[in-house]
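Asker: The listed protein sequences derive, respectively, from chains R and L. In terms of the numbering used here, the first sequence opens at residue -1 and continues consecutively. In terms of the numbering used here, the second sequence opens at residue 391 and continues consecutively.
Incorrect hints may have been included.
Using C-beta positions, here's what the derived DEER-type ranges look like [claimed, not checked]:
| no. | chain 1 | residue 1 | chain 2 | residue 2 | range |
| --- | --- | --- | --- | --- | --- |
| 1 | L | V405 | R | R223 | 50 to 56 angstroms |
| 2 | R | S357 | L | I441 | 21 to 27 angstroms |
| 3 | R | A115 | L | V409 | 49 to 55 angstroms |
| 4 | L | A438 | R | Q182 | 21 to 27 angstroms |
| 5 | L | A438 | R | I23 | 22 to 28 angstroms |
| 6 | L | R449 | R | Q103 | 50 to 56 angstroms |
The following residues of chain R were derived to be distant from chain L, with all beta-carbon distances above 10 angstroms [unchecked claim]:
| no. | residue |
| --- | --- |
| 7 | T3 |
| 8 | I4 |
| 9 | I17 |
| 10 | V116 |
| 11 | S160 |
| 12 | Q179 |
| 13 | A197 |
| 14 | V203 |
| 15 | G268 |
| 16 | T285 |
| 17 | G330 |
| 18 | R362 |
| 19 | S363 |
These are calculated hints, taken from the structure and not from any lab test. Where a beta carbon is used, it is the ideal one built from N, C-alpha and C, also for glycine.
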Amino acid sequence: MTSRTIRIWVGMHSWSSLICTVFLILLCLTGLPLIFHEQIDEFLGDTPDLPVMAAGTPAISLDEVVSAARARRPGEVPLYLSWDPDERARLYVTMADAPNAPASQMHSVMLDGRTAAVLGEPGSKLTFIRLMFRLHVDLFAGLPGKLFLGAMGLLFLAAIVSGVVLYAPFMRRLPFGAVRQQRQRTRWLDLHNLLGVTALVWMIVVGATGVINTWADLVIQLWQRNELADMIAPYRGLPPLTQLGSVQLAVTTVQVAVPGMAPRFIAFPGTPYSSAHHYAVFLNGDTPLTSRLLTPALVDAATLKLTAVRALPWYAKVLFLSEPLHFGDYGGMILKVIWALLDLATLVVLGSGVYLWFSRRRARSGSSSAVRQEHAA
Amino acid sequence: MTRRLEDLAVWRMPVMLAVSSIFGLISALLGDGFWDVLSWVSLGWPVAIMIWFGVMRPRFQTKSLSSTRAAFVQPPSRSRAR
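The shape of chain R in the complex, shown without the other chains:
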């Protein structure tokens, strides 16, 4: 590789990382507590306790649960009902003034699935974890914020690729793992390269899945325009619903039709995830892989008959599989700890990169052979 080629790649590496580093540091810092969000929420007392009951206590009818939510938030209508992914007895009912209300005007009610008792209203106050989450996901700026952070993620990936191209020329004569201690600058350079190449795959996977997650809203819109529109085509133009049928019966109908899968999320009629005439029951399987892939089943909300069941299109599967690969929550507490350590390593790579850039500027104002020195080392 010629000296000129190296300088071009160094330029690419420096500029792509300089623009995104501040935001990547923020993402790593906010991401760190998010890895342990359940533990932190519990520790800070932000998760209401679930009353302890006998193991086999049956779930109460979902209609009772919805009634309890309506009583908690009078005048509002139910939009979504979902199960906590880690605790089947914890249910969330999202209430709002109308089915097409914006997210900022939705209210989530947490209920006990065995007694329909209201446990609380998560999201009504800004907890530490919620603050970290909003800073991490969209800097409190909604879709433009997400897309901006997604662009920073793409720059991060470009910085990683150019870093890999530069690895061999810079590391050729150094044995793996060597971190020369003689000078500050070479010490941080060696550390930057060592941690960078070791955490490489993790940084690429978490970075790329992060970018994909910022496109979630767009993926959902695509799904609504294609798949959902297709599934509800026969119902287009029909008069609106007058009576909402039993959501419990809708779920039972689906479970009979699709055995072996459990409901994870229900969208009520009129919401963006369903049609004006259907309950959309999203099911998942029980393996770590299938528990992330939701299969939508549409049930006519008036007759409670199954209209359609369809697997997710490939682009929605990619989105859903990006979640565990980004969060690191699919391998127990030990995987979370490993995730946190790799996050810290990334912070050191980012921080040392900033240091190296500043110290090169200082060196360059003194001697122009700084690059050649490191290259030849």
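Chain L: place on chain R using the hints.
Answerer: What follows is chain L alone, placed relative to chain R:
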């Protein structure tokens, strides 16, 4: 010819780390229990490498350098790149 081999040798560790990391990331998605353990080991040893070479070994190096400096008049040779 030897220059090509020398170039490829730089990639030996990085490739092993990469393959192990890819396997570790996927393994826990495939199942629970045994698959999780495979994941912890495959992702865990690269983390151990980072801690050993990045934090612990430099600390041992500087510790031994400063203790020998106390015992001898002349500082030890600086050519220990390993």
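Asker: Taking the numbered hints from earlier one at a time, note which ones the structure violates and give those numbers from smallest to largest.
Answerer: 1, 12, 13, 14, 16 and 17
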